[in-house]
Each structure stands twice: as C-alpha cells, then as structure tokens.
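Participant: Protein chains in written order, with this note's numbering: chain A, 1 to 106; chain B, 1 to 106; chain C, 1 to 106; chain D, 1 to 106.
Hints in this document: simulated from the structure, not taken from any laboratory.
A hint or two may mislead.
Just so you know, same-sequence chains aren't split out, so a pair can sit in one copy or run between any two.
[Stated by the list, open to error] Result set (DMTMM-like, lysine to aspartate or glutamate): computed pairs, CA atoms no more than 20 Å apart in a straight line:
no.	residue 1	residue 2
1	Lys95	Glu40
2	Lys95	Glu52
3	Lys95	Glu51
4	Lys95	Glu22
5	Lys95	Asp82
6	Lys95	Glu65
7	Lys95	Asp7
8	Lys95	Asp14
9	Lys95	Asp68
4 protein chains.
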Amino acid sequence: MPVTLDDLVQRLRDFAAARDWEQFHTPKNLVMALSGEVGELTALFQWLTPEESARALEDPALSAEVHDELADVTLYLLRLADVLGVDLLTAAAAKIDRNEQRFPAG
Amino acid sequence: MPVTLDDLVQRLRDFAAARDWEQFHTPKNLVMALSGEVGELTALFQWLTPEESARALEDPALSAEVHDELADVTLYLLRLADVLGVDLLTAAAAKIDRNEQRFPAG
Amino acid sequence: MPVTLDDLVQRLRDFAAARDWEQFHTPKNLVMALSGEVGELTALFQWLTPEESARALEDPALSAEVHDELADVTLYLLRLADVLGVDLLTAAAAKIDRNEQRFPAG
Amino acid sequence: MPVTLDDLVQRLRDFAAARDWEQFHTPKNLVMALSGEVGELTALFQWLTPEESARALEDPALSAEVHDELADVTLYLLRLADVLGVDLLTAAAAKIDRNEQRFPAG
Numbered sequence: 001m002p003v004t005l006d007d008l009v010q011r012l013r014d015f016a017a018a019r020d021w022e023q024f025h026t027p028k029n030l031v032m033a034l035s036g037e038v039g040e041l042t043a044l045f046q047w048l049t050p051e052e053s054a055r056a057l058e059d060p061a062l063s064a065e066v067h068d069e070l071a072d073v074t075l076y077l078l079r080l081a082d083v084l085g086v087d088l089l090t091a092a093a094a095k096i097d098r099n100e101q102r103f104p105a106g
Numbered sequence: 001m002p003v004t005l006d007d008l009v010q011r012l013r014d015f016a017a018a019r020d021w022e023q024f025h026t027p028k029n030l031v032m033a034l035s036g037e038v039g040e041l042t043a044l045f046q047w048l049t050p051e052e053s054a055r056a057l058e059d060p061a062l063s064a065e066v067h068d069e070l071a072d073v074t075l076y077l078l079r080l081a082d083v084l085g086v087d088l089l090t091a092a093a094a095k096i097d098r099n100e101q102r103f104p105a106g
Numbered sequence: 001m002p003v004t005l006d007d008l009v010q011r012l013r014d015f016a017a018a019r020d021w022e023q024f025h026t027p028k029n030l031v032m033a034l035s036g037e038v039g040e041l042t043a044l045f046q047w048l049t050p051e052e053s054a055r056a057l058e059d060p061a062l063s064a065e066v067h068d069e070l071a072d073v074t075l076y077l078l079r080l081a082d083v084l085g086v087d088l089l090t091a092a093a094a095k096i097d098r099n100e101q102r103f104p105a106g
Numbered sequence: 001m002p003v004t005l006d007d008l009v010q011r012l013r014d015f016a017a018a019r020d021w022e023q024f025h026t027p028k029n030l031v032m033a034l035s036g037e038v039g040e041l042t043a044l045f046q047w048l049t050p051e052e053s054a055r056a057l058e059d060p061a062l063s064a065e066v067h068d069e070l071a072d073v074t075l076y077l078l079r080l081a082d083v084l085g086v087d088l089l090t091a092a093a094a095k096i097d098r099n100e101q102r103f104p105a106g
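Chain A with its partners taken away, still in its complex shape (with noise of 0.2 Å):
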C-alpha cells in the first residue's frame, strides 16, 4: 500500500510520545528544526552550477543525502503543522488560488 501523507503524521506523533519528547515539539522548536533542515539541504547545493543541480541524483552518493534531507524537511515540515494544527494541503491549495489571481498567465 502506498504511504500517506496521514500515515507519517500518526507515525511522527508516535516517535514522539514513545520517547516522551513531545515537551520539545513546540512550534517555536519545530521551526527552527525544520530551518536547521532546509540549511543541511541548501549545503548540498551550494556549490552546484543550476545546470549540475538538475542532475544532483546521477551521482548515486549526492541522491541519497538529498533524498535524506528532503525526508528531514518533510517530516518536520508535517510535525509542525500537525502540532500547530495547521491542514497544509488545504492551506497550499487556496495559496495556489492566491498566486493565479496574482500572477495572471499569459
């Protein structure tokens, strides 16, 4: 069965409870945790041409650390939301709606 977004927050809220580390999930936390995420990920490309950034999973060793920190954000990214209380397909959804009356194609 494929995994779903619901799935990973019930799994994230029970990594948590089981290591009675929810008293660190606070948002304020979880932001930074999840900037401190998105810095790991920013690392990897630093260096790149735009061009090589395209290519960034030919090289099997470069793949699995993005795959890694791109796994970290996201799994942050759903805890601070679920702990905020936040539904952020829905909240994406009307931001997309926001951006075509904002930025009119063609």
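Place chains B, C and D on chain A using the hints.
Facilitator: Same frame as chain A, but now just chains B, C and D:
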C-alpha cells in the same frame, strides 16, 4: 473532494508552464526559494516564547500569516521534489524507519 | 571617523536597552532573527543566475535591498555574539587557521 | 596584535586564490553557504529553552560548537560582502540610523 499531494504537484507544473517559469525552476533556485520561505516562517516565531508559539493560531492575523508561510514552504518543497524526481512520501517513510532504529524507544 | 565593530556593538546595546528589548534578546531568539534575515537575503538571489548575482550591485534598487539585508544580518550576528559573550574576530581567525590545516593549498 | 576585519577579509581572499576556489565564490553560491552555516548554528539551539540558550557557553562541548558555527557564519558573511563590494560596517551603521528613526525610543 479533498486536495491530494498529486493535485498540488500537477497544479504547480501547470502554473510554471503557463508562465514560462520552468527555466527558473532549477533545483538550486528552488532550494533557495524554499529557504527564503522558511526564513519568513521563522520570522513569525522569532520573538515568541515557546508557550506563545503554541498559541500562535489563536491570533487571527498571525494565524493567517502562519498558514500563508506554511503553504509557501509546502509548495516549494513539492515543486523541488517534483523537479528532482524524488518521491517525498516514500523518502520520508524510509527516514522514519531509520530514525526508529537509531533512537530506540523506551 | 570610520565605523568600528565595537561602535556597532555598543549602539546595539544602547538601542535594545532604550526600548526595553533586552528581554527578547535571548540567544535562541537572536539565532532565529539572524536566520530570518538570511532568508530575506537569500530571496534576493534566488532567481538570479550565478553570473547575474555577480552583477547584483549594478541595479540600484537591488543594490539597496542587498545592502539593507546584509546590514540586518551583520547587526543580528553582532548582537548574538555580544549576548553570548563570543569574540567573533578571534573565533573567525581561529577557524581560518583550522581551515588552512584542513585544506592544504597547492 | 588584535585581529581586524580587514585582516580576515584579506586572509579569505588569499585562501580562495591559493586553492583556485574563486570560481565557486559567486554571490549566489556564497549566500547559500552562509545560509547553510546559519542552519547549523540554528540546529545547536533548536531544542534549548530560551533560558538554556543564554547559558550555552557554560557547556564546553556546546561552546566549542557555537564558536565554530559563529566563525563560519562570520567568514561567509565577510567573503560575500567582499565579493559584492559592500562595506558591511558602513551599511550596518546606516541601518541602525534608520532603525532609530523607525522605532523611536521611550
């Protein structure tokens, strides 16, 4: 019908194509855009105590800003993963598996 | 007379004290403020090619924004180091020493 | 003799030239490097309470890491400003002037 991740990814593809913005959407540039949006999200929480951060959605103006920035972060993360060809949900589930090995519970 | 680092640090102390903002200037909060400003700086460069980024100061409007964001980053970095009690210049010189050992030239 | 900002800037120029790394030091790349280092600094503080963050230098291991990351942030900020041709101290002093207008004291 509920919004799905696949819907959002497709809308972002169409949005970029309709505006001829695909040329700007290299992984390097999108990592920077993601990082910039996380910076805006961070700024919303920087002067709040951890306790205040947990109540951020009780303030309607701040809640709207948090939703907006979380949406921007989500959209750039989805677009970056799509351009790279990374399946975020699978990568994230694999990372939880590794974290469960790395940090045994109890 | 030229501006010195010590002048800036003292002005930032006076600025915070005069506004009763010292209570907000914990290292944790200042790291977030620094990170937010670096995010704004990043946003100025995100869609530029590396070549365009090298000519950023040729555009007067962009140049003003770059100066402004670099100033904000500098000010929060100085304030953070001051609050922590870190001598930035000494720490930076020691790091160049280590980098020279770690990455031998030629 | 005390270290000066100008010393550090010159050492960074020599360091890059001796390793043929000037080709990588575009403003775009250096902004990403700065952002990555701020991400590492952020990670050191992410799970600390504000009160704990104020005592970060009391822990020798954490203090060493904080010094190291603050040094990295300083070095990339100085290198970025040098490559762009921005006088950081002048820009920072001008920004304090503007902030004093924008946020009157008392």
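Participant: Give a verdict on every hint.
Facilitator: Hint by hint, here is what the structure shows:
1. Lys95 - Glu40: Only across copies: Lys95 and Glu40 sit 15 Å apart there, 26 Å inside one copy, limit 20 Å.
2. Lys95 - Glu52: neither (30 Å within a copy, 25 Å between copies)
3. Lys95 - Glu51: For Lys95 and Glu51, neither the intra-copy (29 Å) nor the inter-copy (28 Å) Cα distance is at most 20 Å.
4. Lys95 - Glu22: between (30 Å within a copy, 19 Å between copies)
5. Lys95 - Asp82: This pair counts as both: shortest intra-copy Cα distance 19 Å, inter-copy 18 Å.
6. Lys95 - Glu65: between (30 Å within a copy, 11 Å between copies)
7. Lys95 - Asp7: Cα proximity of Lys95 and Asp7: across copies only (13 Å, versus 24 Å in one copy).
8. Lys95 - Asp14: Answer is between: at 15 Å across copies they meet the 20 Å cutoff, but 30 Å inside does not.
9. Lys95 - Asp68: between (27 Å within a copy, 7 Å between copies)
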